[in-house]
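For the protein sequence lines, the chains are E, U and H, in the order given. Heads up, the first sequence is in my numbering, so the first residue is 119 and it goes up one at a time. Heads up, the second sequence is in my numbering, so the first residue is 119 and it goes up one at a time. Heads up, the third sequence is in my numbering, so the first residue is 119 and it goes up one at a time.
These are computed hints drawn from the structure, not numbers from a lab. Among these hints, one or two may not hold up.
Same chains, same label: a pair holds when it works inside one copy or across any pair of copies.
Below, in silico cross-link-like pairs of lysine to any residue (SDA-like), each with a Cα-Cα straight-line distance of 25 Å or less [stated by the list, open to error]:
1. Lys-178 / Met-392
2. Lys-229 / Leu-465
3. Lys-350 / Tyr-431
4. Lys-401 / Thr-213
5. Lys-178 / Thr-125
6. Lys-377 / Ser-362
7. Lys-377 / Lys-390
8. Lys-390 / Gly-209
9. Lys-141 / Gly-198
10. Lys-178 / Arg-427
11. Lys-178 / Gly-166
12. Lys-178 / Tyr-130
13. Lys-390 / Ser-470
14. Lys-322 / Arg-168
15. Lys-178 / Met-161
16. Lys-401 / Val-316
17. Lys-401 / Ala-279
18. Lys-322 / Asn-139
19. Lys-350 / Val-316
All of these numbers come straight from a predicted model, not from anything done at the bench.
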Amino acid sequence: TAAFAQTNVTVYGIVDMGYINAKANNAGTSKQSFSGIQSGNQMGSRVGFRGTEDLGNGLKALFTLEYGLNADVGAGSWTGTARQSFLGLTGNFGTAVAGRLQNPGYNFASKYDVLGAAVWSPVGQLSDNAGLSISARDGLGRLDNAVAYISPSFSGLTIIAAHAFGEQVKNNPIRGADTDPQAVWALAAEYTLGDLNVGAVYHKLNDIGGTDSAQAEHDRAEYALGASYDFKVVKLSALYQRASDDNVGNVRSDDDSTKLWQVGVGVPVGAKGMVEVAYGRYKNDRDNGRADLDAKAWGVNYEHSLSPRTVAYVGYGRLNNGSNTAFTNLNTGALTSNGKNAAQFGLGMRHSF
Amino acid sequence: TAAFAQTNVTVYGIVDMGYINAKANNAGTSKQSFSGIQSGNQMGSRVGFRGTEDLGNGLKALFTLEYGLNADVGAGSWTGTARQSFLGLTGNFGTAVAGRLQNPGYNFASKYDVLGAAVWSPVGQLSDNAGLSISARDGLGRLDNAVAYISPSFSGLTIIAAHAFGEQVKNNPIRGADTDPQAVWALAAEYTLGDLNVGAVYHKLNDIGGTDSAQAEHDRAEYALGASYDFKVVKLSALYQRASDDNVGNVRSDDDSTKLWQVGVGVPVGAKGMVEVAYGRYKNDRDNGRADLDAKAWGVNYEHSLSPRTVAYVGYGRLNNGSNTAFTNLNTGALTSNGKNAAQFGLGMRHSF
Amino acid sequence: TAAFAQTNVTVYGIVDMGYINAKANNAGTSKQSFSGIQSGNQMGSRVGFRGTEDLGNGLKALFTLEYGLNADVGAGSWTGTARQSFLGLTGNFGTAVAGRLQNPGYNFASKYDVLGAAVWSPVGQLSDNAGLSISARDGLGRLDNAVAYISPSFSGLTIIAAHAFGEQVKNNPIRGADTDPQAVWALAAEYTLGDLNVGAVYHKLNDIGGTDSAQAEHDRAEYALGASYDFKVVKLSALYQRASDDNVGNVRSDDDSTKLWQVGVGVPVGAKGMVEVAYGRYKNDRDNGRADLDAKAWGVNYEHSLSPRTVAYVGYGRLNNGSNTAFTNLNTGALTSNGKNAAQFGLGMRHSF
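Next up, chain E with everything else stripped away, as it sits in the complex (with noise of 0.2 Å):
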């Protein structure tokens, strides 16, 4: 009967939705600021649908279709953009998939992160203005039009590979020419033992555009680590990364060296809360006479579990840009300058459906 039509699809979803107070200092004693209700605050707003069907011998169809929704406002709510579309198996070979993918270090670094990718986490702020793939956030942390292959647990060991096809047209390719533009690889492994966890990720990205106006189509490497230790009255987590630009604007002397690290620590308060804070710094280091970037961050967090689905959180961080960066508070359009600092505080509810 039609109540029981519903069992090949499940519909989910999270609403993340809190108030936002954000200041941005600009040139001279000037200064942008923002007030106001604010989605994804520490988690994208989302509605999926996703299913499986199990096709015998324990080999299983599955799929996930997942759109992200800017849930404070009207017009543009609902953006057409998929945060993840896949179709594809599992079974006891592991799981491959194909379409619009979180890449391997978009789950790395929500992972090894404490404070999750919230808009006030480390990591999460520079990793994001500085354009990373390996970061939770948006920019390059998802794979259009790619391939994925995730293994089996190994005792505790397991193996991801991804493969983004550069979508577009070739024009008449010749033999030596570039043969795969603006492709993506990708190659993690994590490890788990009891209540530690291990992991490493790389990434090589073909012909990406880059992070400031100078650098023009290049190719790109970058590799994380991190490591969480679960001591039940405390929880450690630390994250480093590293990028390499070779060939910025197609310069052969011309490059870029960037190296990203976070540690950071979760404390229970009580059965239902946890504090969380963490500290990172970002340095970009360039050839051929381009100045030198770096900054660095903190963050902090209380959230409280109201139910299984819902949690309470209030949040606060801040970056602290160097003279050559204007890095600012993500979500809310306020600007800084070179040198000048931002800093948000944001109070809401998160709800899982």
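Given the coordinates of chain E, assemble chains U and H onto it according to the supplied hints.
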């Protein structure tokens, strides 16, 4: 099992579709007309996702994500625009929500309009053409980036308060400048005693645009009073609105004063039918030598319940413009000109799921 | 309870995703190519909402709201474009619906094409490249702002009639002017007797654009005949279409006459497999000194049912252009030029939910 996976979210909606024939007289003996299928004639077509979670102690989390549809076309059919999109808490204290909200005046106008804001409703047409915020149609009738509180019923009395933050970055704000750009404040009271309903609503809008080309950014106050009584053999309903636009175009001596009223009557026809008729007038007096605006309208509607969730309807509405208004039929694009009249006939069906 | 809240609406859809390798020869020795993951290779990926309500006396209300997906990408993944979006009634009298509809020729073309309008189907490629309305691909294959009636089956015979209103404002219409701008009329008959299916469809399109740059607004008549017989060890299917474009570019002596046909055969391979092959030709004869157009295509497809709702497929299709056509592969953007050929290979999976 999968069969019970949908308990966290309910998918719901309305499809309202029908044939519309509209005529709008234009300059001289010219006229524009429209004949075809339209969506949203009585109520806007929509799909939504909503759910609640019990948090204990009488408290619940609740969310609604509801999107408008142009259900008669292909491109742009799913508009991506949220009608409502909020997260909140409800309990003995009342209900508090944040996000994109239907303002108190939106629900108010629907409640005291016997035609329920159909496209042929007098108050629906007049308030929408005039760009009022106490209106059951779109325009200013919804609030982005907002918070609201709805009280429990105190012996039939309910209070609603809402605030929309002006979602914009404030640039270098200094003491003395406007500190609430584009903010909206709203307060409403509803009282129910048996078959009697009375209510009042007040909106304060900062820095809005305006209803004619001579108006630039200015402030507005709107209020409305409404009452209905259901005598069973007949239902009476009346609505009175005022709006004051101060310092129109930032000219201190240039104000607008708007009055709008409607009276309506509904008569049951058998067990499943209802005829509704309403008449309304709009008057806008203006300072600074600009021409006053006025218009009047009437409408009639017959609804027949085919089932608990499906209604067939037929309706007709007519707009008579004053010498300085060119109000026209809603939703068809057929344009009138100053002092000319417009009318539309509709026949359709509305289904809720 | 909430577990039974979903009885009014069913969420359903298709995810079709696979690897595509396409090549299109271009002027001289140049060629364009595409290699990557694509959505909608055999059937368009989609999510829909549908439901019915029993109105008593054998009558039901029914609705469908179905949206297309570009499931392999992020931005624009949920297109917002309705494939179908209608409300209607069904009962002993048949079915009557209004809204955005798949025209009779859309369903017809799928039914008599053994390749089911995959991107490598001859008739799919030829009709879509030619912009015909009797086509299982998008283009003119769907009707905005339309009504349709589908009869009950009279001993195997079903009649379908549809009309699309030209959804535009008519400006000052006078007697003698075109009173149905951009309207479409359609009529179809389907007959089933055991393993035999035969059908005919007729479309009349007013004021359409056209298939080449020399054609401005004009009228068109299209019809098609189709038949299939399932011998169990082999299934045969054939389709013949004609289109007549009158007074092309509003020039009385300039007409087009289009013929398109396809023959196809399907052979079961074991209990779960099926091989399908088809060959088709397109010919367009034109008046007024414009060059005639023609092209031919063939395609092959192997499908393997992994389960009741999941199919794996591999397919190949090739287009051979005549000296004045530059028809090209569907969905990849790789362009050919006059008289050059195009081909694509695909391997993927299709899952229904």
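Structure-based check of all given hints:
no.: 1; hint: Lys-178 / Met-392; result: between (37 Å within a copy, 22 Å between copies)
no.: 2; hint: Lys-229 / Leu-465; result: within (22 Å within a copy, 34 Å between copies)
no.: 3; hint: Lys-350 / Tyr-431; result: within (21 Å within a copy, 50 Å between copies)
no.: 4; hint: Lys-401 / Thr-213; result: neither (36 Å within a copy, 47 Å between copies)
no.: 5; hint: Lys-178 / Thr-125; result: both (15 Å within a copy, 24 Å between copies)
no.: 6; hint: Lys-377 / Ser-362; result: within (9 Å within a copy, 58 Å between copies)
no.: 7; hint: Lys-377 / Lys-390; result: neither (35 Å within a copy, 54 Å between copies)
no.: 8; hint: Lys-390 / Gly-209; result: between (36 Å within a copy, 20 Å between copies)
no.: 9; hint: Lys-141 / Gly-198; result: neither (30 Å within a copy, 30 Å between copies)
no.: 10; hint: Lys-178 / Arg-427; result: between (27 Å within a copy, 11 Å between copies)
no.: 11; hint: Lys-178 / Gly-166; result: both (19 Å within a copy, 23 Å between copies)
no.: 12; hint: Lys-178 / Tyr-130; result: both (20 Å within a copy, 18 Å between copies)
no.: 13; hint: Lys-390 / Ser-470; result: within (17 Å within a copy, 40 Å between copies)
no.: 14; hint: Lys-322 / Arg-168; result: neither (30 Å within a copy, 41 Å between copies)
no.: 15; hint: Lys-178 / Met-161; result: between (29 Å within a copy, 21 Å between copies)
no.: 16; hint: Lys-401 / Val-316; result: within (23 Å within a copy, 64 Å between copies)
no.: 17; hint: Lys-401 / Ala-279; result: neither (28 Å within a copy, 48 Å between copies)
no.: 18; hint: Lys-322 / Asn-139; result: between (37 Å within a copy, 23 Å between copies)
no.: 19; hint: Lys-350 / Val-316; result: within (17 Å within a copy, 57 Å between copies)
Checked against the numbered hints above, the structure breaks hints 4, 7, 9, 14 and 17 and satisfies the rest.
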